[in-house]
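S.K.: Using the sequences and the hints, build the whole thing.
Protein chains: 2
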Amino acid sequence: MKAVSVINKNFLQLSNNYLFAEIAKRVKEYKENHADEKVISLGIGDVTRPLPPAITDAMHKAVDELGVQSTFRGYGPERGYDFLREAIIEGDFKSRGVEMDASEVFVNDGAKSDTGNIGDILSADCTIGITDPAYPVYIDSNRMAGRQVEFISDACSVPDHKIDVVYLCYPNNPTGEVLTREMLTRWVEWAQQQGALLLYDAAYEAFIRDEAVPHSIYEIPGARSCAIEFHSFSKTAGFTGVRCGYTVIPKDLGELNHLWERRQCTKFNGASYIAQRGAEAVYSAEGRKQTRAIIDYYMENARLMTESLTACGYEVRGGKNAPYLWVKTPAGCDSWAFFDKLLNECSLVCTPGVGFGKQGEGYVRFTAFGEREDCIEAMKRIQALA
Amino acid sequence: MKAVSVINKNFLQLSNNYLFAEIAKRVKEYKENHADEKVISLGIGDVTRPLPPAITDAMHKAVDELGVQSTFRGYGPERGYDFLREAIIEGDFKSRGVEMDASEVFVNDGAKSDTGNIGDILSADCTIGITDPAYPVYIDSNRMAGRQVEFISDACSVPDHKIDVVYLCYPNNPTGEVLTREMLTRWVEWAQQQGALLLYDAAYEAFIRDEAVPHSIYEIPGARSCAIEFHSFSKTAGFTGVRCGYTVIPKDLGELNHLWERRQCTKFNGASYIAQRGAEAVYSAEGRKQTRAIIDYYMENARLMTESLTACGYEVRGGKNAPYLWVKTPAGCDSWAFFDKLLNECSLVCTPGVGFGKQGEGYVRFTAFGEREDCIEAMKRIQALA
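Chains as they are written, first to last, in the working numbering: chain A, 3 to 388; chain B, 3 to 388.
The reader is advised that the hints may include incorrect statements.
Because identical chains share one entry, a pair is satisfied inside a single copy or across any pair of copies.
Derived pair list, reagent style BS3-like, types lysine-lysine, alpha-carbon separation capped at 27 Å [said to hold, decoys possible]:
{"#": "1", "residue 1": "Lys30", "residue 2": "Lys253"}
{"#": "2", "residue 1": "Lys291", "residue 2": "Lys63"}
{"#": "3", "residue 1": "Lys343", "residue 2": "Lys27"}
{"#": "4", "residue 1": "Lys253", "residue 2": "Lys11"}
{"#": "5", "residue 1": "Lys322", "residue 2": "Lys291"}
{"#": "6", "residue 1": "Lys253", "residue 2": "Lys27"}
{"#": "7", "residue 1": "Lys382", "residue 2": "Lys40"}
{"#": "8", "residue 1": "Lys33", "residue 2": "Lys382"}
{"#": "9", "residue 1": "Lys30", "residue 2": "Lys382"}
Derived by calculation from the structure, the hints in this document are not laboratory data.
M.R.: Okay, structure coming up:
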């Protein structure tokens, strides 16, 4: 076909291998040659615990409603049902002393969609700042749109110059680190001074244990006029297969709230009703208790792994307010070399830090989302290695 | 906020009123002043019949699986589960003698998302051809990306010049008309000669009754090298609230298949597992029978409405292979005037044809998605008007 003329050529500038595809390829090869070994994956950040009953009950009820004439629902509101947006306002904002209106909340089919699609309402010639290392979606989705990306090597000090749009993700994927209230305040003040827009990815906020760490950027005065925030039920409530999240665009951002509504009305038709009823149940008393128990389970994995790796002499960051451990590779071993070593000698899958950016070189990421016994077994294998 | 500098200014060129928002506003005002009247909506193309048991059973089962450790599923494949893509290949293509590989099918959360997002992989300077009248998403999503749109006033003759990308939707929304095999062949040949790309929206193919009308553009030889096709379970199976559809990008289109995969892996995380299991059930023997019965119900509405409107002297198009009736307004009455007349004198909501394009002026669209008794009552009210 001659369709090459219609192609968005920015795609041709993308690096060929998506990180997780390359990992999958190497793991597949290993498994083919080691059919007897039990491979343990601490690689991709996907949950493993089943959905708790408060959520499955709500989703069963939603399915039943769709099967009956009097309760059937077709197209929902593009920005999400009121019942969910109001539960979000109460549960995630008012309860933390943050004022937010339901018209500022947009329900979606998961945070990945919106962290990518948000570029639709931004100018193609914006400069984009992304911390290094970072979740690859920020980089690739902007490069697809032809935008220049500037890497920020240290999110603990704000840039000394204007960048139009800056992505921040805390608790961080991949490093598991958090920003203190003071540091986040400095970012908000910088954005206000520069007229910059912050895109704050709060997908892992449910894992925060330290009471001094903000769950939302809107806990910082002034953030309403300089920040968009992304939330996800994927990690909070095990929704990686169910698909639901939400984006907050305060009215204080001017046109952006209206532009996003227009974008969503044109290119999105609302999240699944079943998923939205499941997400609403996350905020019920039972839902909170049950999802909290699952997060506690993962965080106990993180604690055990941190303890064990530290005892083996590894330098470990993260893991305290996040489900990710950021582990320095042994001397003489780069990210992929250590990945290969763990795969070949321990039948263990991690994620090479360099896949998240140049400054991730010399690190690997472990996730705490596994089964307890797998985490314990993985640590035993690493101990045997050391 | 100074964020105006980061805004995609193409959005500011969009017409202010989204068609359905304007309709909703007028209906709301009418209802506030006529609380006693029963307003019947034949306006927005949304289904009303409940999901049949084959589908709700499958979704209940999926919810149960997600609630149990051994059957829990997290992230699914971005392009959709094999079970669904294989069911699609068998049910929608092989059964019609069309060869298609599962790697050419991309499951999504509804056709609206992909008919909009497909622009991500197309060059910003492509010329875009859109039939007039048309589904507004084609126009707005391209204008948001800064593309020039050229209107095609008669889809029954191909353009005499090159247009890079042309949207075709058959059975058509809003006119309910279909393209014959001969006409569609002429489009495919034109696209091949010009090196153009056709974006074929087959969202309403399940409503085709005439055996001579193609359900898929791939029934036409050569289409694999010049056409992308969009399908939806929204109208086929009542999924407007469930959210699932799929896009076909044949490998013969060269880079486009790979580019779309890359786009989806970066900006989408797969459709809800529950929705995908529901969609799979559409292809089971029971699922086919039950969804077919619902389509028959809507098409009987269309027949009754066509008969009644024709008897009243209205000129009616569509309604034979589509759930839409395209009705010429009475002399001296433009689209919005007739809309207002039907609202004010019959408490009836339709869609003004001009909302779909200049050539829609002088028409209104009725949908056959209502309850039978509402359709009959609506026709009685129109008879009384005449």
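S.K.: Each hint needs a verdict: does it hold in this structure or not?
M.R.: Here is how each hint holds up against the structure:
For a Cα distance limit of 27 Å, the shortest separation of Lys30 from Lys253 across copies, 24 Å, qualifies, whereas the shortest one inside one copy, 48 Å, does not. Taking identical chains as interchangeable, the C-alpha atoms of Lys291 and Lys63 lie at most 27 Å apart whether they share a chain (20 Å) or sit on different chains (25 Å). Taking CA atoms no more than 27 Å apart as the test, Lys343 paired with Lys27 passes inside one copy only; the shortest distance there is 16 Å, against 63 Å between copies. Taking the closest pair of Cα atoms, Lys253 and Lys11 come within 27 Å of each other only across two copies (18 Å); inside a single copy the shortest separation is 35 Å, beyond that limit.
In this homomeric assembly, Lys322 and Lys291 come within 27 Å of each other (Cα to Cα) only inside a single copy, at 20 Å, whereas the closest approach across copies is 54 Å. In this assembly of identical chains, the alpha carbons of Lys253 and Lys27 lie at most 27 Å apart only when taken from different copies (22 Å versus 45 Å within one copy). Taking the shortest alpha-carbon separations for Lys382 and Lys40, only the intra-copy value of 14 Å comes in at or below 27 Å, while the best inter-copy value is 70 Å. Taking CA atoms no more than 27 Å apart as the test, Lys33 paired with Lys382 passes inside one copy only; the shortest distance there is 20 Å, against 69 Å between copies.
Proximity of Lys30 and Lys382 under a CA criterion of 27 Å is satisfied intra-copy only: 23 Å inside one chain copy versus 66 Å between copies.
When the structure is compared with the earlier hints, no violation turns up for any of them.
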